Amino acid sequence: MAPSYAVTSGLPCLWSTIPGPKTANPPGAMRLSPSRLCLKIDLYHGLKKEKGGFKLASTIETAYAEEIADRNPESQVNDFSIQVATVNGSGSQSSNTVLMRSIFQMGIPVSGKNLFPSNIAGLPTWFTIRACKHGWIARKKEIDFLVAMNPETAREDVLSLAPDAAVVYEESLKLDQIRNDLIFYPVPFAKLAGEVTKEAKLKRLLANMVYVGVVGRLLSVEIEEVRKAVLKQFKTKVKAAELNISAVEAGWAYAEKNLQKRDRFRLERMNRTAGKIIIDGNSAAAIGCVFGGVTVVCWYPITPSSSLCETMIDYLHRYRSDKETGKATYAVVQAEDELAALGMVIGAGWAGARAMTSTSGPGISLMAEFSGLGYFTEIPAVVFDIQRVGPSTGLPTRTSQGDILSIAFLSHGDTKHILLLPSSVEECYQMAIDAFDLAERFQTPVFVCSDLDLGMNNWMADPFPYPEKPIDRGKVLTAEQLAKLGKFERYRDVDGDAIPYRTLPGTPGGLAAYFTRGSGHNERGQYSERPQDYRNLMDRLARKYETARKWVPAPVVSSNGRASGIGLISYGSSHWAVEESRHQLSVERNIETDYLRLRALPFNEQLRSFVKEHERIYVVEQNRDGQMASLIKLEVGGDTGKIHSILHYDGLPIDARSVTDQLLQQEKGR
Amino acid sequence: MPTLEKDKPKTNRIGLTLADYKGAESTLCNGCGHDAITSQIIRAFYDLGIEPHRVTKVSGIGCSSKTPNYFLNRSHGFNSVHGRMPSVATGVALANRTLLNIGVTGDGDTASIGIGQFVHLIRRNVPLVYVIENNGVYGLTKGQFSATADRGSKSKAGVSNPLPAIDCCQLAIELGCSYVARSFAGDPKQLVALLKGAFVHRGTSLIDVVSPCVTFNNHPDSTKSYDYAKEHEELLHEIGFVPYFEQVTVDYDEGTTQDVRLHDGSHLRLKKLHRDYDPMSRQGAMRLLEETRESGELLTGLIYIDPTSADFTSLLNVVDEPLATLPLEKVRPPKEALNEIMEELR
Ligand SMILES: Cc1ncc(C[n+]2csc(CCOP(=O)(O)OP(=O)(O)O)c2C)c(N)n1
Ligand code: SF4
Ligand SMILES: [Mg+2]
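Heads up: the sequence lines are chains A and B, in that order.
Each residue of the first sequence is one higher than the one before, starting from 4 at the first, in the numbering used here.
Each residue of the second sequence is one higher than the one before, starting from 7 at the first, in the numbering used here.
Derived from the structure by calculation, the hints contain no laboratory data.
Quantities reported herein were computed from a predicted structural model and do not represent experimental measurements.
For every residue, glycine included, the Cβ atom is placed at its ideal position computed from N, Cα and C.
Honestly, I wouldn't trust all of these hints.
Claimed, not checked - Negatives, chain B to chain A, calculated, CB over 12 Å:
| hint | residue |
| --- | --- |
| 1 | K16 |
| 2 | N18 |
| 3 | D26 |
| 4 | T104 |
| 5 | P168 |
| 6 | Q253 |
| 7 | G261 |
| 8 | L279 |
| 9 | R293 |
| 10 | G302 |
| 11 | L344 |
Claimed, not checked - Partial list, computed: chain B residues near chain A (C-beta under 10 Å):
| hint | residue |
| --- | --- |
| 12 | R129 |
| 13 | V220 |
| 14 | T221 |
| 15 | E350 |
As the list claims (entries may be wrong) - No more than 25 Å apart at the CA atoms, straight line, and that leaves these computed lysine-lysine pairs for DSS-like:
| hint | chain 1 | residue 1 | chain 2 | residue 2 |
| --- | --- | --- | --- | --- |
| 16 | B | K16 | A | K330 |
| 17 | A | K235 | B | K336 |
| 18 | A | K238 | B | K195 |
| 19 | A | K194 | A | K204 |
| 20 | A | K194 | A | K144 |
| 21 | A | K326 | B | K336 |
| 22 | A | K553 | A | K472 |
| 23 | B | K16 | B | K148 |
| 24 | A | K615 | A | K645 |
| 25 | B | K28 | A | K478 |
| 26 | A | K472 | B | K341 |
| 27 | A | K326 | B | K341 |
| 28 | A | K472 | B | K336 |
| 29 | A | K490 | B | K28 |
| 30 | A | K671 | A | K636 |
| 31 | A | K326 | A | K472 |
| 32 | A | K553 | A | K419 |
| 33 | B | K16 | B | K278 |
| 34 | A | K330 | B | K278 |
The shape of chain B in the complex, shown without the other chains (with noise of 0.2 Å):
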């Protein structure tokens, strides 16, 4: 019996299914906040239609870092070194500016054994989509505190966090990042909005995002729960992404909605709520970030962005095409070229 039409998988303007966007079954724990991710990455790289072998997606070490393996399976992935991510990435980036490289990795990762090299790939501003899933433990090695660990949350056993957590976002806006986002694995629709824009975006985007650990820190006492986070989740905007190639025309009010427009013609519509705020200015970014950090409030959305940022293959004049398949006679100085090296050795 032939198809018919309507039960055909829906495609996206490549023609590709949501399903060839996805990688290897999860081997995390049910309930996991990486997998609600993953979900999201596979949504937005499906919705906007990128092809999957100009990504690369590479990560360190922990529960987090094994995500890449769950989705585009028909994408390179490179699952690295513990903290080191950033330094592959950089290299990738380095070797291949055509690509469209996406970094994940975990909260011990990036702000403990890995800070200094998250600090320099954005001081760099490499291009990377950098995603940090956040659940304030060491996962894979059995739930001890990590440096972004809330002081006063409680661990599993009932110990307190003693030390004053690192604020990844508030780390990145003063290093010079251009595109700072954070979110909730529990806010699915925000969260593939700030995806989207984040693939878009020239530069270093980093969006650090709640992710409740289910097995080591998911307690009434942990302030990186699904329960805490809900509870104080305050969204500083309401997010939408429009791609370039879905122009559509929606009335929208000035006063209400701000429009930034990122450097390919797509768009991130922001729909004002409670406050009056501005992702474009950094100095607001700082302020309110400092604000928050005493209320205790989740505040979720884009922090910041300067969509005009030039980001380090730029930065270093590097040719347009890729470096790695560069032909011989593009790497190979001519024999005169030599010559000319040993006549001053002389």
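Same shape as in the complex, but just chain A (with noise of 0.2 Å):
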């Protein structure tokens, strides 16, 4: 059986309760139809449908007609995006991590970004919350309310500002003589920082509490839910959560009695978020692999791939000890490399383990022979990518989908991959648990594509479903069942389906042994360089990727049924902005687009068939060569002109704005 995606199985979106950002509406959603907000646009706009597809007849600068609707002059309610710009390392990071919680419990829902540099302290850093009543969770890329802590990139920071927006900043940068069209709030965060303590170091640390303070009473915040939200991030530690609300009281009653509110943001209580969680990808995939089953962890520390180990050593230390003896059911090893981390779980899963490593570009191209070994034996391994930007060291903390060509096809010889595609945190929880049932049951590595965007910031999701299915061991032949068939060749395809019978070493009887080589073999493991021989496994571990295309992932397809002969096909966590940009596109262009969500390689039926029923399809994604674009090709054939890209590289996380202008240029230029 194909395993089942709960989670995401018809809605292709993440939020899944809410009603919200979807072109075909839940039951029960209340918002207006997407139909009658294109309505509204056709008068405001005279957009003309013609045959073969749309002429625009005006240009709309503004966003949604929904955002226009119901806009207040005076105010923009849950609907706006923060930037703090803060020095890495300043403990800025608790700061945000609590606004952004505080904004969650009101009920409104939140997305974070933190844009890192490749540095432990001392260079600039920006997190970006986006409060979006309507659920996007994408990046959105104007900043409406900035708040500016760090000298070096103030300036710049307030010269990309569109007018009106709003400006905190620390009273001695004098930003407010930059220009004179945004709103600016000047606070004395040192000073503030001083009155709450007296050490130097505590206060760089507290001075970044004081803007929550500052930045929540603007916005009104509620007080109590920033209270909860430094409560829940200190923990057990008391001492400094009382220090912190100290902070933020000291910020909050600063603006209350010196900051005259006078721009238009204001967040307002709702009730969205109820029972969510807010977790990393990174995290959800550690969880996933220890309710996976994983046994053996072996890894080497890259960022961005490096917390989803470290978290799950955490959870593996508190779940995953024997009931009786105390002892692990688990073996973490920090590997000397990534070559050595996949040799070892190659070596783990050879020998029966759930075995796994996490990694990002560099270390997937030290995994290229191995990955090519694991193939060509039909080894069970599960590799996590965790994409950044490449080639080479590339910019370290910054995302991108650039592995996806190398690691379809990693190691020289004709080798294939399955790889896995999760765009949500859901995703990457359920998709490493599927992962290990793949691995096992097809005999070969599995890849995960997660990234940057996806791994490291914090998504809001519904709170992961317990494992219905047993895990799936695959074709493992035990002692017993040995001794019934009375034979066992490791390499025949005995089912038909391609996939062949394997045995653990340790399995008595003495049928079970076999010898396994990275060199040519017959179906019974033996050396073998003949021709015949070769071939016979070349076209049968082909034919074992042809089965594996009916148990992967199928893709999600929506469709609102008015397909204007424009399809969209995305993955990852270029989903996100795909789908806010098809809704950009409906209601200020009035033009209606398919979309396929693809979240596994084999393709299926599906994609052709797509690809078929639409005039132009748009491949978006986060790299700049079209990666994914290619492999559709390749895997479509015949007409390929139709397929078009849209493409996002520039390593921050792509945005609904940049999918839309690409996707009208393209029209444009037809």
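Build the complex from these two chains, which are given one at a time in their own frames, with help from the hints.
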């Protein structure tokens, strides 16, 4: 049975219980349907539908019609973005998390993106919080509310803002002299922090908590929620929590007394986050591994993947000690490099463990030889790639989807791998579990391709469901089964699905043993250079890949049935920008699109028909060369001229406006 | 005609014959040192009556790395990639700590491409019998110098090796290896005893075996030839292995014989020869290897042993049963655990 995707089935959106940004509204959704919105736009802007596509009668620079409709010129409620510019290593992470959590606790959909440098302390870092009542959680390019704590970037940060944005800043920076079309709120952060503590180092950290108080007050965050968020952040460290709460209160009091609210941004309690959790993709994957029955973990530190194994170690420690003996039901090794990490995983997988490793681009390059060995000798392994920007060291702390093509064929010779492509933290969790099942079922390395944006940023999600299915250990013969069969041939296709049976070392009875080799072998595992044996093996491996098409998670297709000829395709973290862009296209331009979100390689039949059914296909992804588009072209063959790319590759997470603009540009050029 | 008792093939304590421990026919060159080592591996397993299904064989790439195919065909074997046997062996050891894991590699496999993995395997004390079939050349790629070739040793074409040799034993001791031995493919008696000791020892047991390559490195100017090794071999001691199940009480003189008790009750009995050497002293071992590096002697025997060392799986406090086959309830925490985690994330 193919793995089921309860989390996302039918609803391609993370907000499965939120009546929100879906082209097809779920039952009970209360908001205006896109069609009605489109109609409005039609009236206002005279969009005309013509044969073969849309003619754009006018340009709209404003955001969604929905926003226009319910925007009160005086205030913009629950729909704006806050950016905090600080210095790396200044403790701003806690403050940012507290602010984000407070908004979340007020029931407002929120997402956070950390743009950090490859540095431990001293370089600029930005944290963006997007509050969006509609539930859009992709990055929003425009910043509405800036908190300028970093003198080095403050000038540039201020210059990049749109008119009417608000700026909270350290008084001494005198930013109000740079522009006169913004709303400025000077705050003596150092002085306020100094009133909470006299310790120099603490003062620096607490200055960041002071901003939470100032911003909280200006945006009408509920102070009780901020207190709760601080307590959550500092858990058992009561002293630290108290100090931080004092800092928040100092900022709050200062703003109350000295800052007159002049901007239009405001937060107001909603009920769209009840029961939800906040988690990053790496932690979600770690939990998936722990509940997926991982037994051997081998890894080598690299940003942005390290936190996956580090978080897993914590959870393993807590939940995977044997009840009777207190001993570990797992083994974790920090390997000497990624080559060894995958070597250990392959060795462990061969001997029957559920083994995994996690890495990023440079590590993937080092894993090439072992990936081919795993493919050719048919050994299960799970490899997470938390993609960052390459080539080479690239931008180690920025996001991309640039490893897809190399992973798809990783290693020399004819090699093809199974890839899983999670888009959400729920899928990071679920696909971690499925990756082990698929790896053991197909006896091959399975690559889970996440990225820095998904892996390291915080996302809202529904709580993860407890796995219902038992784990699938695949075709492993026991001593009893072997005795009944009377013989065993490791690489014979007994069932016609091209998946052979295997045995584990240690199996008694005398029939289990076989020899694994990365050199040519026949069905019995014996060394062979015979042309026919080699071809048989390669053909069977290709057929096994065919079998996998039906087992891997199917794409999620969404269509409102009013196809305009445009089909969008994306995967992974690009999904969120695509969903929002489709909404923009619909309400701003009256362009209806269909959408297929890929969730795995090998592709299945749905991709082929989707491409066939649409006049123009746009593949949206975060790399320069349109890597997935190339794979799709290879897959569908024939008329590939209609497959176009929409690309985003500056290291920042993709945003909806970029997708919309590029699509319109290409549509215009037709 | 019924077979007479005396015509029946001899069996070991678990009723298997020597042939039951053999593998496929060797495809190495006639006279290759590696084949001689294979014979002693077969012999050691047979003598100790080890059940073949409890053994795994792993290797890298090279003529030497082909040999696991030539012994114990009733055991699982894995001929992996060049220089990476140690990582594969580590994975196997973690997945199933009840197995006896033997790794066979070459000097190219270990001392060049794989030296990083070699170093880290030893540092972790991964339970593994690590056999280096050391011929000073890359056999499989036809005779290039390896990193264990002695300085001044000449290739078949007469080129002299300008670089110093890496001594894997010395390196292993430096890294804290708890069983370090050197032997010679032409000395089966010593080799089989060292192998048996290694099978019983807990942790990494390294045996560096000079194993002449008759095709590319057995000429008179080579220091890894049969002739050179025979001429320069100096035994540290005469070594005998007494398994736990065969406690014969022979009298031996405390002054001339050292008895090393291994964890399962077996013994390594070392009869002193010319020098007074204690293989339990790490400093002594380092000093000895330093001396022989200068003298050019081929010192063989048990160079160092710490029979009390704790192996990697014990250090990781892994459960006693194989991780590979733990039942679902041991590897999937209960629903309450997931609920608890979710609660914390709200
Ligand atoms: C990555 C890689 N590089 C190079 C080779 C080619 N190669 C095969 S065996 C070998 C050297 C083997 O030497 P050694 O380990 O000493 O084994 P021997 O044949 O001497 O027993 C080399 C370089 C390879 N298989 N893989
Ligand atoms: S080339 Fe050398 S090492 Fe290889 S099989 Fe022949 S003799 Fe042995
Ligand atoms: Mg060699």
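Here is how each hint holds up against the structure:
no.: 1; hint: K16; verdict: 20 Å, holds
no.: 2; hint: N18; verdict: 16 Å, holds
no.: 3; hint: D26; verdict: 9 Å, violated
no.: 4; hint: T104; verdict: 6 Å, violated
no.: 5; hint: P168; verdict: 29 Å, holds
no.: 6; hint: Q253; verdict: 28 Å, holds
no.: 7; hint: G261; verdict: 44 Å, holds
no.: 8; hint: L279; verdict: 39 Å, holds
no.: 9; hint: R293; verdict: 29 Å, holds
no.: 10; hint: G302; verdict: 33 Å, holds
no.: 11; hint: L344; verdict: 5 Å, violated
no.: 12; hint: R129; verdict: 9 Å, holds
no.: 13; hint: V220; verdict: 22 Å, violated
no.: 14; hint: T221; verdict: 20 Å, violated
no.: 15; hint: E350; verdict: 9 Å, holds
no.: 16; hint: B/K16 - A/K330; verdict: 43 Å, violated
no.: 17; hint: A/K235 - B/K336; verdict: 31 Å, violated
no.: 18; hint: A/K238 - B/K195; verdict: 65 Å, violated
no.: 19; hint: A/K194 - A/K204; verdict: 14 Å, holds
no.: 20; hint: A/K194 - A/K144; verdict: 33 Å, violated
no.: 21; hint: A/K326 - B/K336; verdict: 9 Å, holds
no.: 22; hint: A/K553 - A/K472; verdict: 18 Å, holds
no.: 23; hint: B/K16 - B/K148; verdict: 40 Å, violated
no.: 24; hint: A/K615 - A/K645; verdict: 10 Å, holds
no.: 25; hint: B/K28 - A/K478; verdict: 28 Å, violated
no.: 26; hint: A/K472 - B/K341; verdict: 13 Å, holds
no.: 27; hint: A/K326 - B/K341; verdict: 16 Å, holds
no.: 28; hint: A/K472 - B/K336; verdict: 15 Å, holds
no.: 29; hint: A/K490 - B/K28; verdict: 19 Å, holds
no.: 30; hint: A/K671 - A/K636; verdict: 23 Å, holds
no.: 31; hint: A/K326 - A/K472; verdict: 23 Å, holds
no.: 32; hint: A/K553 - A/K419; verdict: 16 Å, holds
no.: 33; hint: B/K16 - B/K278; verdict: 33 Å, violated
no.: 34; hint: A/K330 - B/K278; verdict: 43 Å, violated
Consistency with the previously given hints fails for numbers 3, 4, 11, 13, 14, 16, 17, 18, 20, 23, 25, 33 and 34, ordered from lowest to highest.
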